[in-house]
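**Q** Here the sequence shown stands for residues 539 to 650, where the numbers follow this note's numbering.
Watch out, some of these pointers could steer you wrong.
What the hints assert, rightly or not - Now the in silico label distances, taken between C-beta atoms and shown as ranges: (1) E590 - G640: 27 to 33 angstroms; (2) Q617 - K586: 17 to 23 angstroms; (3) D628 - G591: 25 to 31 angstroms; (4) A598 - G623: 26 to 32 angstroms; (5) A616 - K582: 18 to 24 angstroms; (6) E637 - G604: 18 to 24 angstroms; (7) A627 - P576: 26 to 32 angstroms; (8) E626 - R575: 18 to 24 angstroms; (9) G623 - E590: 14 to 20 angstroms.
Derived by calculation from the structure, the hints in this document are not laboratory data. Since the model is a prediction, treat every value here as computed from it, not as a measurement. No residue lacks a Cβ here, since even glycine has one placed at the ideal position from N, Cα and C.
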Amino acid sequence: MFARVIAPVAIGLSLTALGCNRNASADTAGPAASAARPNVYQAKGVIKAFGEGKKTVKIAHEDIPGYMKAMTMPFAVAQPSVLDGLKEADSVDFSFTEESDGRMLIQSIKKR
539 MFARVIAPVA IGLSLTALGC NRNASADTAG PAASAARPNV YQAKGVIKAF
589 GEGKKTVKIA HEDIPGYMKA MTMPFAVAQP SVLDGLKEAD SVDFSFTEES
639 DGRMLIQSIK KR
């Protein structure tokens, strides 16, 4: 009689434990995936200078509400070609991300 009672209880507990384990691994994938994507910020500014090989551009940008005060700073560009047609003193609209290594990386930029 003891075996007839224990067997169903043991099976039920095993299935419950398996179900909990599966949900835990699914939950941990969600936040990690969203944390890996950097925020994209929109800004306006004036080009002050280009770095060697147009791999960076120094921009005097306006205040970015809730993120950064107005300042002049360098931004990296993944593709130097995004700067084609732009020159010093151009007013620009641009979007950028803050990368995990601290670089500010321009995603898009256009003359205003």
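**Q** Mind checking the hinted window 27 to 33 angstroms against the Cβ distance between E590 and G640?
**A** violated, 20 angstroms
**Q** Taking the beta carbons of A627 and P576, is their distance inside 26 to 32 angstroms?
**A** The hinted range 26 to 32 angstroms holds for A627 and P576, with Cβ atoms some 29 angstroms apart.
**Q** Within 14 to 20 angstroms: is that where the Cβ-Cβ distance between G623 and E590 falls?
**A** With Cβ atoms ~19 angstroms apart, the hint holds.
**Q** Is it true that A598 and G623 lie within 26 to 32 angstroms of each other by Cβ?
**A** Given a distance of about 19 angstroms, which is not inside 26 to 32 angstroms, the answer is violated.
**Q** Does 18 to 24 angstroms hold as the CB distance between E637 and G604, or does it fail?
**A** holds, 19 angstroms
**Q** Given the range 17 to 23 angstroms, decide if the beta-carbon distance of Q617 to K586 lies inside it.
**A** With Cβ atoms ~20 angstroms apart, the hint holds.
**Q** Using the C-beta atoms of D628 and G591, is the stated range 25 to 31 angstroms upheld?
**A** violated, 19 angstroms
**Q** Given a hinted range of 18 to 24 angstroms, is it respected by the beta-carbon distance of E626 and R575?
**A** The hint (18 to 24 angstroms, Cβ to Cβ) is violated, given that E626 and R575 are roughly 33 angstroms apart.
**Q** Just to be sure I understand the hint, the distance between the Cβ atoms of A616 and K582 should be within 18 to 24 angstroms; is that true here?
**A** holds, 21 angstroms
Figure legend: structure checked against the earlier numbered hints; hints not met, in rising order: 1, 3, 4, 8.
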